[in-house]
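A.B. asks: Top to bottom, those sequences are chains A and B.
Here this note's numbering runs 150 ahead of the position in the first sequence, where the first position is 1.
Here this note's numbering runs 150 ahead of the position in the second sequence, where the first position is 1.
Wrong hints could be hidden among the right ones.
[As the list claims (entries may be wrong)] Here are the simulated DSS-like cross-link-like pairs (lysine-lysine), alpha carbons at most 27 angstroms apart as the crow flies:
{"no.": "1", "chain 1": "A", "residue 1": "LYS156", "chain 2": "B", "residue 2": "LYS156"}
{"no.": "2", "chain 1": "A", "residue 1": "LYS397", "chain 2": "A", "residue 2": "LYS289"}
{"no.": "3", "chain 1": "B", "residue 1": "LYS416", "chain 2": "B", "residue 2": "LYS397"}
{"no.": "4", "chain 1": "A", "residue 1": "LYS289", "chain 2": "B", "residue 2": "LYS368"}
{"no.": "5", "chain 1": "B", "residue 1": "LYS416", "chain 2": "B", "residue 2": "LYS289"}
{"no.": "6", "chain 1": "A", "residue 1": "LYS289", "chain 2": "A", "residue 2": "LYS368"}
The hints are simulated quantities; they were obtained by calculation from the structure and are not laboratory data.
There are 2 protein chains.
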Amino acid sequence: MLVNGKPQTTIALSDRGLLYGDGVFETFLCEQGQPLLFDLHMQRLQRGCQRLSLSLQDSAVIRQEIEQVAANKDAVIRVSVTRGERVRGYRYERTDMSFNRIVMRDDHRPSPSSNTEQGIALYLCQHRLPQHAVLAGIKHLNRLDQVLARSEWDSDYAEGLLLNDLGEVIEGCMSNLFVLRDNIWTTPDLSHSGVDGVMRDYLLGAASECGQSCQIDKLELVDLLEAEAMFLCNSVIGIWPVLSFQKQHYNSVQKVQPFMHHLHEKLSILYPAGL
Amino acid sequence: MLVNGKPQTTIALSDRGLLYGDGVFETFLCEQGQPLLFDLHMQRLQRGCQRLSLSLQDSAVIRQEIEQVAANKDAVIRVSVTRGERVRGYRYERTDMSFNRIVMRDDHRPSPSSNTEQGIALYLCQHRLPQHAVLAGIKHLNRLDQVLARSEWDSDYAEGLLLNDLGEVIEGCMSNLFVLRDNIWTTPDLSHSGVDGVMRDYLLGAASECGQSCQIDKLELVDLLEAEAMFLCNSVIGIWPVLSFQKQHYNSVQKVQPFMHHLHEKLSILYPAGL
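Between the sequences and the hints, there should be enough to build the whole structure, so can you do that?
C.D. replies: See the structure below:
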């Protein structure tokens, strides 16, 4: 683990990431030490830094530190940027652009192959996301919503679905959602809630190459119950087709194959090959 | 500084307080090493722990650690409780009640005497608080709203006022608000946004002893512009009367005297004596 490039396993108690959740993070999947979707991750990291008036980060430095920590292995690497250490109080000096950059490694634990081959059971979370345009889209360190939502179910479900306080469908607890209706994949609008996922962005861009149509729009629960197929995605798990949700069953495994083949062939063998 | 009772200035990078803001905190004002309003602080801390399914804390241990760190001095002591160190992912085991308890000291820097003698200029923040009943009232570690709001103004204002996304008045950036109209002090309802302050709770309970009437209710901006007096409070600053807000001037310094005298005489000489 590195803090500002130095091997370190701890951080100062006065770090604003710990005091206030004042920072952003990214979780990179690395194949033999090389981060996948690096540019999209960096774009979101910089968007988050801009939104919070944090110092923009040097891509070359972050790539080098990820590679150092991943050490040529398949690994999941978390990069966090906090506003560094300051005096007591919410205030920070806008001219002071100091920060702490934390690079941590987790071993890569691939999810069960049944998640991709048979699809997953999707839980409907009772916890609702607030609407909050200023914080929507970015991956900041204030993640109590996800912690509370994730505590609602055990291992009988692979993922949970989050609605906002209006009842609109937003995302999975740690993933984004795509829903197939009338031959168009719709992924929810995230301008007021949710995290704008790197894999979601990638798939929106790659859809036509996969022979699929995608759009961003509002989604209600009823849209999901009438849908033909659904999948969840993020840059670590790749794609999980949804087998069942609220007593409905979906033909998702078949329908996601074009996306899965694309990821496996074009991006990395770490993403499941599909059927 | 102490972590779980041991002298320590750092914490593990895998602490969930740092990873997700998964925890709560309290800021105690200590007079010659003794924490003021200790029971009210502990009640809120336990409420927060309950809400987040964190381990309830031992009051005697926390008091002892505060006294140890305060070392008989006037001091501000922050006590944080995080969900401890875990594996990657939002999930935690509900049977695992481990935590990290952090006790940190700041020197006590009394605010300018003009804040209490002449009153303060109150800024109106553009940043809006989301409505979020599950997280409202408690003092959790997800404080990006306060960080963003506090970055809007410099030292020309002593505090900023926060509205929710409906435009209702909620609180100060680091304090609670009381507004005098028709001889009744009203403090905003915090069931959907805001932090239920320890000093606010104390003053609601002490009002009749101070010869004042208090109530909890919704407040709109127009109510503030038509008010006779206003003050902000928290357990570190005590009471700050509002001199000016949005081109209005208020007779707050006179009106807050009963409360200020009470705090100074009954609680601590660290709270300003008033006029």
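A.B. asks: Next, verify each hint and record whether it holds.
C.D. replies: Okay, the hints, checked on the actual structure:
Distance check on the hinted pair: LYS156 (chain A) and LYS156 (chain B) sit about 25 angstroms apart at the alpha-carbon level, within 27 angstroms; holds. As the CA atoms of LYS397 (chain A) and LYS289 (chain A) are separated by approximately 32 angstroms, the hinted pair breaks the 27 angstroms bound. Note on LYS416 (chain B) and LYS397 (chain B): the hinted pairing is violated, with a Cα-Cα distance of about 35 angstroms set against a maximum of 27 angstroms. Proposed proximity of LYS289 (chain A) and LYS368 (chain B) is contradicted: the alpha carbons are some 33 angstroms apart, above 27 angstroms.
Between LYS416 (chain B) and LYS289 (chain B), the direct Cα distance comes to roughly 26 angstroms. Compliance with the 27 angstroms bound is thereby established for this hinted pair. As the CA atoms of LYS289 (chain A) and LYS368 (chain A) are separated by approximately 21 angstroms, the hinted pair is consistent with the 27 angstroms bound.
The structure fails hints 2, 3 and 4 (numbered hints given earlier, in ascending order).
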